[in-house]
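Novice: Residue numbers (this note's numbering), protein chains in the order written: chain V, 452 to 691; chain U, 8 to 141.
Please note that a few of the clues may not be correct.
Here are the simulated DSS-like cross-link-like pairs (lysine-lysine), alpha carbons at most 25 angstroms apart as the crow flies [stated by the list, open to error]:
(1) V:K527 x U:K78
(2) V:K527 x U:K23
(3) U:K37 x V:K466
(4) V:K527 x U:K67
(5) V:K527 x U:K19
(6) U:K23 x V:K466
(7) U:K64 x V:K527
(8) V:K527 x U:K139
Simulated from the structure, these hints should not be mistaken for lab results.
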Amino acid sequence: MNDPRLAIIPGRFDKVRRIIAVSSGKGGVGKSMVAVALALALRDKNQIVGLLDLDFTSPSTHVILGVEGLIPQEDKGITPPIAHGLHYMSIVHYSIDEPVPLRGADSSNAIIELLAITRWESLDYLIIDMPPGIGDATLDMIRLIPRIEFLVVTTPSRLAYESVRKLLVLLRDQGIPTIGVLENMSMKHTDYIEEQTKVASTRYLGCIDFDETLEVSIGYPESLVKTNLYKQLAELCETI
Amino acid sequence: MHEWALAEGIIKTAEKFAEDHRIEEITEVKIMIGELQQIEHDIIEFALDQMRTPRMKKTKFVIDTVPARFKCRKCDHEWSLDTQKLDEETGEAIHFVPEMAHVYLKCPNCGSPDFEVTEGRGIWLASLKGRKLE
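Sequences and hints are given; from them, build the entire structure.
Specialist: Here's what the structure looks like:
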């Protein structure tokens, strides 16, 4: 008989209007920064926003937000705590920032468990910071989350885009909506990514310049909202 | 996993199975729970009772616990664990997300966190008895 956890997961998102997975085929392209800045930008447009960090082996949104020691509330499941106005869920609430060495099947089980126990309030947006690649987390999200949309992040590098292209093909073949591709950390403008997104019949969301001020804003959301990354994402919010 | 979330999953799964197989009245549902989940039977029994659907008015919920067993992938050592002896923080984390065992537990022989939970992880509906629609 079916795993009883799977029966309740779709209903956990009934009160969430839009679910956006910030994803990439490649690591190190700035997904977590984009996910947090996007969540904060939507919050600042008076939207009710949730942030779910699904990168179990390398969670980092709590570092960007500068939060620790948050404890979810128990109420017929668990309710995410609030961090800087975001309904915030991360494995670090349970791993206390220790290493989480999980193999594929265990990682998948942990994701299913977290999705099954977490009760999201009414949200306008749930932003999900995905682990890189097209492994367990991506496949589980496609399988389990109704109405999920992907916002795909790449750098201008051909190396990054080659992995991103494979993610785009997977999403297209599975009929999963893709909001578009965001080019991040650009140091010298080229047309390469924009042209490639045309080939992939995917929307090009724009180019975010490499931002030298970003590093010092880690841990300080009040500084992050003054960066160019935040400003450019705030503009992007109007078009997604 | 939280008892109330688990009860909700059990009720929905049993209800769907009954609907798919034209079962009018469910008389018994047998649930197997891995020890690693550290589910409190009193709470889940109460939660299941509160969530009864019309075809579960007289359902008997039978809950069995499967002891937790581990096998180290590095040195092949096998061991069991008394989850009652875990400290509060560890027990709480593993209760909500059992894979957190890999954060807090190590192989007692070689200290590796790379082990397999061979038994006693997960929840499944072992059997369902009922009366079919005539």
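Novice: For every hint, state whether the structure bears it out.
Specialist: Each hint tested on the structure:
| no. | hint | result |
| --- | --- | --- |
| 1 | V:K527 x U:K78 | violated, 33 angstroms |
| 2 | V:K527 x U:K23 | holds, 21 angstroms |
| 3 | U:K37 x V:K466 | violated, 32 angstroms |
| 4 | V:K527 x U:K67 | holds, 22 angstroms |
| 5 | V:K527 x U:K19 | holds, 15 angstroms |
| 6 | U:K23 x V:K466 | holds, 22 angstroms |
| 7 | U:K64 x V:K527 | holds, 22 angstroms |
| 8 | V:K527 x U:K139 | violated, 32 angstroms |
Of the numbered hints given earlier, the model fails hints 1, 3, 8; all others are met.
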